[in-house]
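Novice: One-letter residues, chain by chain:
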Amino acid sequence: MMRHIISILLENESGALSRVAGLFSARAYNIESLTVAPTDDPTLSRMTLVTSGTDDIIEQISKQLNKLIDVVKILDLTEDAHIERELMLIKVQATGNARDEVKRLVEIFRARIIDVTDTTYTIEITGNGAKLDAFMEALSSITIHEVVRSGLLGISRGDRVLASQN
Amino acid sequence: MELTGAEIIIECLKAEDVEHVFGYPGGAVLHIYDAFFKQDDVKHILVRHEQGATHAADGYARSTGKPGVVLVTSGPGATNAVTGIATAYMDSIPMIVITGQVPKPLIGNDAFQEVDSVGITRPVVKHNFLIEDVKDVARVFKQAFFVATTGRPGPVVIDIPKDVTAHKTEFSYPEEMIMRSYSPTVKGHPGQVKRAIDYILSAERPMIYTGGGVILGNGSEQLRKFTRKLGYPITQTLMGLGAFPATDKQSLGMLGMHGTYEANMSMHHCDVLIAIGARFDDRVTGNLEKFCPDATIIHVDVDPASISKNVRVDVPIVGEVVQVLNEFNEALENTDRVPNASAIEKWWAQINEWRSQDCLKYDRESEIIKPQFVLEKMYEVTNGGAIVTSDVGQHQMFAAQYYGFDEPRRWINSGGLGTMGFGLPAAMGAQLAHPDDLVMCVTGESSIQMCIQELATCTQYGLPLKIINLNNGYMGMVRQWQEFFYDKRYSNSHMDVQPDFKMLAEAYGHVGIKVEKPVDVEPALREAIAQKDRLVFLDFITSQEENVYPMIPAGAGLNEMILV
Numbered sequence: 001m002m003r004h005i006i007s008i009l010l011e012n013e014s015g016a017l018s019r020v021a022g023l024f025s026a027r028a029y030n031i032e033s034l035t036v037a038p039t040d041d042p043t044l045s046r047m048t049l050v051t052s053g054t055d056d057i058i059e060q061i062s063k064q065l066n067k068l069i070d071v072v073k074i075l076d077l078t079e080d081a082h083i084e085r086e087l088m089l090i091k092v093q094a095t096g097n098a099r100d101e102v103k104r105l106v107e108i109f110r111a112r113i114i115d116v117t118d119t120t121y122t123i124e125i126t127g128n129g130a131k132l133d134a135f136m137e138a139l140s141s142i143t144i145h146e147v148v149r150s151g152l153l154g155i156s157r158g159d160r161v162l163a164s165q166n
Numbered sequence: 001m002e003l004t005g006a007e008i009i010i011e012c013l014k015a016e017d018v019e020h021v022f023g024y025p026g027g028a029v030l031h032i033y034d035a036f037f038k039q040d041d042v043k044h045i046l047v048r049h050e051q052g053a054t055h056a057a058d059g060y061a062r063s064t065g066k067p068g069v070v071l072v073t074s075g076p077g078a079t080n081a082v083t084g085i086a087t088a089y090m091d092s093i094p095m096i097v098i099t100g101q102v103p104k105p106l107i108g109n110d111a112f113q114e115v116d117s118v119g120i121t122r123p124v125v126k127h128n129f130l131i132e133d134v135k136d137v138a139r140v141f142k143q144a145f146f147v148a149t150t151g152r153p154g155p156v157v158i159d160i161p162k163d164v165t166a167h168k169t170e171f172s173y174p175e176e177m178i179m180r181s182y183s184p185t186v187k188g189h190p191g192q193v194k195r196a197i198d199y200i201l202s203a204e205r206p207m208i209y210t211g212g213g214v215i216l217g218n219g220s221e222q223l224r225k226f227t228r229k230l231g232y233p234i235t236q237t238l239m240g241l242g243a244f245p246a247t248d249k250q251s252l253g254m255l256g257m258h259g260t261y262e263a264n265m266s267m268h269h270c271d272v273l274i275a276i277g278a279r280f281d282d283r284v285t286g287n288l289e290k291f292c293p294d295a296t297i298i299h300v301d302v303d304p305a306s307i308s309k310n311v312r313v314d315v316p317i318v319g320e321v322v323q324v325l326n327e328f329n330e331a332l333e334n335t336d337r338v339p340n341a342s343a344i345e346k347w348w349a350q351i352n353e354w355r356s357q358d359c360l361k362y363d364r365e366s367e368i369i370k371p372q373f374v375l376e377k378m379y380e381v382t383n384g385g386a387i388v389t390s391d392v393g394q395h396q397m398f399a400a401q402y403y404g405f406d407e408p409r410r411w412i413n414s415g416g417l418g419t420m421g422f423g424l425p426a427a428m429g430a431q432l433a434h435p436d437d438l439v440m441c442v443t444g445e446s447s448i449q450m451c452i453q454e455l456a457t458c459t460q461y462g463l464p465l466k467i468i469n470l471n472n473g474y475m476g477m478v479r480q481w482q483e484f485f486y487d488k489r490y491s492n493s494h495m496d497v498q499p500d501f502k503m504l505a506e507a508y509g510h511v512g513i514k515v516e517k518p519v520d521v522e523p524a525l526r527e528a529i530a531q532k533d534r535l536v537f538l539d540f541i542t543s544q545e546e547n548v549y550p551m552i553p554a555g556a557g558l559n560e561m562i563l564v
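Chain order of the listed sequences is A and B. Residue numbers for the first sequence follow this note's numbering, beginning at 1 and rising by one. Residue numbers for the second sequence follow this note's numbering, beginning at 1 and rising by one.
Next up, chain A with everything else stripped away, as it sits in the complex (with noise of 0.2 Å):
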């Protein structure tokens, strides 16, 4: 079981998403996250799908997006070099030591505080999904009162491009 991103360019059209929610629920393939938004060019989407399976159902998960009607193009990033990033919001409680603890942290990684009250700060921290574990972890001693993550985003490295035409 190998764990694939797939990335998506879909006619930006109501009903889309749904088709291939539907797909992986009704043929019983595995979402582990799903980010969509539209492009540059307002007419598409961008769809960003981490799943994982055996080698036979990653080419059957491709085969049968492509034949969906509303997807124009895929490509498995996993095949080859590429960057993958997640955005994550914590809100934690920032009273006492913690005060001082959380800062340090955010620091370490590299977050960046962007909501402050008396009790709590709120952080943003990019990163491939190992760092925002390990930063969960370091966290472990501070009471966490929500998390947000946005899902998986992936690029190819290089010249590699996922575009309508080319």
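Heads up, a few of these hints could be off.
Stated by the list, open to error - Cross-link-like lysine-lysine pairs, in silico, DSS-like; alpha carbons within 27 Å at most:
no.	chain 1	residue 1	chain 2	residue 2
1	B	K309	A	K63
2	A	K63	A	K73
3	B	K38	A	K67
4	B	K38	B	K135
5	B	K225	B	K194
6	A	K67	B	K66
These are computed hints drawn from the structure, not numbers from a lab.
Model the placement of chain B on the given structure of chain A, informed by the hints.
Specialist: Showing chain B alone in chain A's frame:
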């Protein structure tokens, strides 16, 4: 001139040469029905239930190759159509289903007769659309027909809110359709074709295995040329029957769960398997781990997702069957290499030994009517020339086994979804498309009752179907499995109450004949066929506990058949 959305729908149907639309009116489609009323170009066939509309359109499509068209209202109209849409989807049948929708401002408000038709049908369509602007109607129809009929065909649903059918705009039908997200592969990859030909000509125990794709892709002629040129054995799936003539000596009949012994044994022992337009369905392969253990597998299919889905193949070729078979045939003509004659001769000797098992034998002297006997007589009396539809169950298997199909698009049944109730409305669609042909519906007393209401549609449009009801009092296939695997505990597979089918047929204005003795089978069939202008319902009282043989039990390989 500006037209309403409803009028534009009619214009689109005309532009697509649609002759018949199968439908049922309701609130959300009243504007469309009004537009139908005002013209004579597209004929509307009023069914008695929306399921019947979809199956009729399906039968029309399967017997002609043209897309079937359905028109139903919102809410229950759409949900009733879903079974027929799913049936078409599983067998890759081109179909356009227009579903009315509540007016746009009401969508999402739980309005009267509102359902999310696009959401409900999404998993069982090739694609679907919700039209939100009258300006999109023509483009969406063009796209819908394009998508439904190209690549691997399938049903497309167009959901159209009532207010959109009343809005007006200029009509112009797009001449061609190019979609950046959809362009099916047509030609086979030359390198793969070359590899395939190499394997094909090196084979010592070759086997050709073809499916519904050859029929859908109109590749019958090319398949015949290919198969005869090579002299190799061929087997066809339930969906593929007729692409290659059943009466040809190279044909080993159907394969799979109720296929012939010779077909399944040849599959199991072959060294090169040439699969064309078939999808390695579980009813065909049996236990995947035991499937074709020695074979190099070549697979031709228009749908890349069908390739290596269930069985890993060695030579995948994505393309239309006609194109790829033409490429095969050209390659075979332009090479000096020929098949390995001595090996092939030995292979045929082995196959003929399997064939001599005569796996379809049954008690022809029985005093009770055997269903197989009815099918054999039906074949004899019609010279194999009828268009035959079927429902689902034992009678379907008997028809596939005993009525030899020599031509494509003459055998119409629900293979993938296995929809009981399919046979009668499908026969209506086939008869409308082929008014001069003999159309027969092979069914059982359980299946026929799932869409029996369509007998009234047949009366209304004068459809002279011949209904062959194999009446054994049981849901035969359910009973057979209960006999084999549940120690004869016949849980709910027997209907203690049946209608008098003769009287029922007569009540709808048809001819009903009850047949109880083997000696009366042939005369009854002849009489039914002689009544050219009437629907004749033949109710054959058959032996109750007949089983379909041979059979591959669940979990077994193709070489582990149960013979009689």
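Novice: Evaluate each hint against the coordinates.
Specialist: To see whether the hints hold, each was checked on the structure:
1. K309/B to K63/A: Distance ~10 Å between K309/B and K63/A Cα, so the pair holds.
2. K63/A to K73/A: holds (11 Å)
3. K38/B to K67/A: Not satisfied, since the Cα-Cα distance of roughly 39 Å exceeds 27 Å.
4. K38/B to K135/B: Distance ~22 Å between K38/B and K135/B Cα, so the pair holds.
5. K225/B to K194/B: Status holds; Cα separation ~18 Å.
6. K67/A to K66/B: holds (22 Å)
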